[in-house]
Structure formats: C-alpha cells, structure tokens
Amino acid sequence: MMLNIFQYDFMLRALIVGTLIAIITPRIGVIVVLKRLSMIGDSLSHTSLAGVAAGLVLGINPVLGAVFLTVIAAFGIERIRRSFPRYAEIAIAVIMSTGIGLAGILSGFIRNAASFSSFLFGSIVAISDFELIMVISLCVLVLVTVTALYKELFYITFDEESARLAGIPVRLINIVFTFLTAITISVSSRIVGTLVISSLLVLPVACAMQLSGSYKQTGFLSIIFALFFTLSGLFISFYLDLKPGGTIIITGVITLVTLMILKARPILHANRGNNA
Amino acid sequence: MKIKDKQYLNKVVEINNLSFSYNNKPLISNISFSINRGDYLGIIGANGSGKTTLVKLMLKILIPSGGEIKLFGVNINSFKGWSKVGYISQKATSFNLSFPASVEEVVGANLFSRIGLFKTLKKEHRELIYAALEKVGMQDFGKEMIGNLSGGQQQRVFIARILVSEPEMLILDEPTVGIDIRSEEEVYCLLSDLNEELGLTVVMVSHDIGAMTIHASRFICLGEKGFFEHSPRDKISNDLLTEIYGHGVYLHNDSVNSCRHGEL
Numbered sequence: 001m002m003l004n005i006f007q008y009d010f011m012l013r014a015l016i017v018g019t020l021i022a023i024i025t026p027r028i029g030v031i032v033v034l035k036r037l038s039m040i041g042d043s044l045s046h047t048s049l050a051g052v053a054a055g056l057v058l059g060i061n062p063v064l065g066a067v068f069l070t071v072i073a074a075f076g077i078e079r080i081r082r083s084f085p086r087y088a089e090i091a092i093a094v095i096m097s098t099g100i101g102l103a104g105i106l107s108g109f110i111r112n113a114a115s116f117s118s119f120l121f122g123s124i125v126a127i128s129d130f131e132l133i134m135v136i137s138l139c140v141l142v143l144v145t146v147t148a149l150y151k152e153l154f155y156i157t158f159d160e161e162s163a164r165l166a167g168i169p170v171r172l173i174n175i176v177f178t179f180l181t182a183i184t185i186s187v188s189s190r191i192v193g194t195l196v197i198s199s200l201l202v203l204p205v206a207c208a209m210q211l212s213g214s215y216k217q218t219g220f221l222s223i224i225f226a227l228f229f230t231l232s233g234l235f236i237s238f239y240l241d242l243k244p245g246g247t248i249i250i251t252g253v254i255t256l257v258t259l260m261i262l263k264a265r266p267i268l269h270a271n272r273g274n275n276a
Numbered sequence: 001m002k003i004k005d006k007q008y009l010n011k012v013v014e015i016n017n018l019s020f021s022y023n024n025k026p027l028i029s030n031i032s033f034s035i036n037r038g039d040y041l042g043i044i045g046a047n048g049s050g051k052t053t054l055v056k057l058m059l060k061i062l063i064p065s066g067g068e069i070k071l072f073g074v075n076i077n078s079f080k081g082w083s084k085v086g087y088i089s090q091k092a093t094s095f096n097l098s099f100p101a102s103v104e105e106v107v108g109a110n111l112f113s114r115i116g117l118f119k120t121l122k123k124e125h126r127e128l129i130y131a132a133l134e135k136v137g138m139q140d141f142g143k144e145m146i147g148n149l150s151g152g153q154q155q156r157v158f159i160a161r162i163l164v165s166e167p168e169m170l171i172l173d174e175p176t177v178g179i180d181i182r183s184e185e186e187v188y189c190l191l192s193d194l195n196e197e198l199g200l201t202v203v204m205v206s207h208d209i210g211a212m213t214i215h216a217s218r219f220i221c222l223g224e225k226g227f228f229e230h231s232p233r234d235k236i237s238n239d240l241l242t243e244i245y246g247h248g249v250y251l252h253n254d255s256v257n258s259c260r261h262g263e264l
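Just so you know, the sequences run in chain order A and B. For the first sequence, my numbering gives the first residue as 1, with consecutive numbering after it. For the second sequence, my numbering gives the first residue as 1, with consecutive numbering after it.
These are calculated hints, taken from the structure and not from any lab test. Built from N, CA and C at the ideal position, the CB exists for glycine as well.
One side only, chain B facing chain A, incomplete, derived with CB under 8 Å:
(1) 83
(2) 89
(3) 95
(4) 100
(5) 105
(6) 106
(7) 118
(8) 145
Straight-line Cα separation of at most 20 Å, SDA-like style, residue types lysine to any residue; simulated pairs:
(9) 91/B <-> 161/A
(10) 216/A <-> 124/B
(11) 84/B <-> 167/A
(12) 35/A <-> 97/B
(13) 56/B <-> 68/B
(14) 91/B <-> 167/A
(15) 35/A <-> 164/A
(16) 91/B <-> 160/A
(17) 70/B <-> 16/B
(18) 263/A <-> 147/B
(19) 91/B <-> 87/A
(20) 84/B <-> 164/A
(21) 135/B <-> 189/B
Could you put the whole structure together from the sequences, leaning on the hints where they help?
This is the structure we're talking about:
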C-alpha cells in the first residue's frame, strides 16, 4: 500500500501552511501583476534573504530579520519609483541588487551554511510552531486588509489618478499595500523559499487572466489556481520524493502553458467576449 | 440677498489672476475667467500652451504659483466637494488594454468612496451603474471586458464612470485622442446632450477648434501671445487663429450640427 501523506504531522502542517499561503499570495499577486510590478516578488525575496542572513549572523530570529529588512526594501522601491516615474523596473533592479549584495556579504559570516540554504528553497515540510503561528497571523492580517480595501485597491490599480480624484486616499492605501506585500513575501519565502515566492505571486494570476472576464473573477480564479498548484505540488513531491518548492512552481508553469495552448484554440475562445 | 447668492452660486469656477510656472518658465500668467453653471466651455490652444496645466490647476493636481481658484464659490484650498467634479484625463483611454476588468466594475469604481470599507456593490449600486451606462448608450455592455471595446466605446464608459457619482461639472482633457472620427463626433454629441438635457457644466480641452466652434457655447484660447475669451456666437477669425498658433490655420465647418438626436 502507498504511504499515507496524512499520517505524518510534518505533511499535515505543510498542507495547512501551504493552503494559507496559496490563499494570500494571489491576493497580493493580482495587484502586483496588474500594476506591472511582477518582478517585485523577486526583488523583495532577495532582500528578505539578506534579512535572514543578518538574523543568523546577529543571532536573532531570521524570519523577523527578513520581515524587517523587506519592509524597508519595499518602501525603498516606492521611493525610487517616484524618482523614475516611468521606469518601475529600475527601482526593482536596484533593490534586488542591494538584497543580493547584502545577502552575499552577510552569508560569509554565517557558521551554519545548511540553515541558510534552507531559506533558498524554503522548508515547507519543516515548519516550527513559531512559523505556523506567524503564517496564521499573516494570513488573517492580509485577508482582512485586502478584503476591507478591495474596491479601493482595484481602483488604484486600474487608474490611480482618477482614484485620487474620486476621493480615495491613494497614498495611504499604497503604503498599507507596500507593507502587506513586504511581510507576505518575507514570511512566505521562509516557507516556500526565496527563489520560488515570486512565481507563486505571479503564476496563479497569469493563469487566471487567461480565463477571467472581470477583476473579481481574476481574484477568485487566482486563488483556485494557487491552491491547485500548492496542494497538487505537495502531493506530487511527497509521492515522487521531489523538492516541494520546485514541484509547486513547475506544476504552475505546466498549468499556465496548457491554458495558453488551449486558449489559442477556438474552443475556449468562443466563450469569451463576442465583441472582441 | 437671495438673488445675489444665486448669482454667486451660478459661478461654478472662478479664476482670478492665475499664474503657473514650470521650471521657472511661466506657462500661464495672470489669467482670469469664470465658468457658469450650464456652460459648455472649450479650452483651445496649440500644444504646450498650457491647456492641460490649466485643467490640472482647476483640479488641484497642480498648485498655482499665483492667483486664486474658486470652485462652487469655495477657495480650492478648502474645497471639499470633489464629488461634484468629474474628470477624464488625457491618459484615460491609454490604460493597459489587457487589464481584466468588466465595464460594470470600471463604472462602479466611482461609487467606492461612498460605499465604505468591507462593503460590496449592492443592487441599488448596480442600478446606478446601469443608469449611468444608459446615459451614454452602453447599457448592453456591462459584462464586457473593458479592453474588448473600441476606443469610442471605452471613452463612453469613462464618461459613464464620472456620471455615476452624479457630478455637476465634467472636465475632459482631449477626450477624443486616439479614437476614430466617427466615434469622436459621437463623444462630442454625447457631451452636448448631457450639457443640454441634464444641465451639466462641461469643460473640454481640445485642439480641435473646428469641433469646438460647433459644440461649445463659449471658449477660451491659450496662446503664445496670451489669453482670449470668446462670447458664444463669436466665430473665430483667421486673424485670431494666426495669433494663437503663430501661423495660419484653416478652419472648416463642414460638419456643422452633425449631432442627430436619438442616434446614440
């Protein structure tokens, strides 16, 4: 008989945490992608790696170090974006380089290299009580805020100038969103890994955009896709003995490619707007 | 006293000695004019003459370097009634076409600030959305993705978006840029209808002097040699055009009164 995935406590934890992360990352991801900032995940997760290294060197909790540095980096991106209004990529590249540079230097001072590399690909199957609590609180925080600001975030993402004129406190909401993005990335990159978190932000949204007919649907479908990637990725990695982080992402990539091929064929096309 | 009050309120916008400099270069200097309730005001002038700047000053997106602006009788610095002003920027139709949003969602966006946190659009809001879409003849496109519509249809959706919050004045900056001539004419006519039938004040920035002479009830010109204001039936002379643009401009009025009611 096959191994039962549910008889292992570590796998149960992985499934719970994976589900929670699959629910919140696309909530952030939809806005990040539609703001044309898809690479922000990469940039911030590398900074969070520098935070992890700093934490390990200074002997404080690496996840807290990551959260702290990532929040600073996220506001750094916003600040640099204002100096180069039409070149958001510059800000992302500058912060990414800073993160990689710092992580590189700091990693030289870490004695236990294994613990550092566990952050690169995450450790969804080795989650401590502290991390479990952190992910649950993060999940609550992100869901409550994103639900409360759902309409405002949509308007700002679609047309920031009109949103401002319509009386939406754009600056404040952008600050709140930047903060949420930073903590979501730093906490979830501990779980799924620095190198894969940005794909989890972008892939479900990319898949949802292939099918959806509205913003609301895009949000809903991206959660469904993220759950599908994470859970099927975990099952596949467990039974085939693969690395979970990478398996989750590759499941996502295969799904996206399949959807793109199907969409290029007339069957799916006919269901979409006949006005195009 | 009452009559005086009423006259006072009839001035939707009052601009006194307004100046604005960009990089120490004066772009707008010392202009004064007012816009009355029910006006269809065209702001015309060559590229770079400060038309968009003037509008942005009226919307408090830019801060003047001198002078005073009053909206609905209140100094712009203490003005709170922004819901009375609907604005469509030049960039409105240059949004990312693949943005996944339905027409309903785009129009509903302007209701957000009055709905409040945690609440979603209800039936009554949906009715407001469709009432606004009906005013622009787009009621059958509510579920359509905004990116699938033509430029003219998108512009009408954006007009519906500002109508949904029931403004008293519409400000449009080159609303017909990037759309075909027929749709362009439809947008101008739609605005004429809104102006005449709903009594909305319309302020339109345009470089299309021909269209403005047909549709606007008044217009002001910003030019190299200063600022001109025109009374309703004053046709623009070629001498004046030369003065505004620095060279002769041929003005043709072939399409006079091409709006046919009921066509939209």
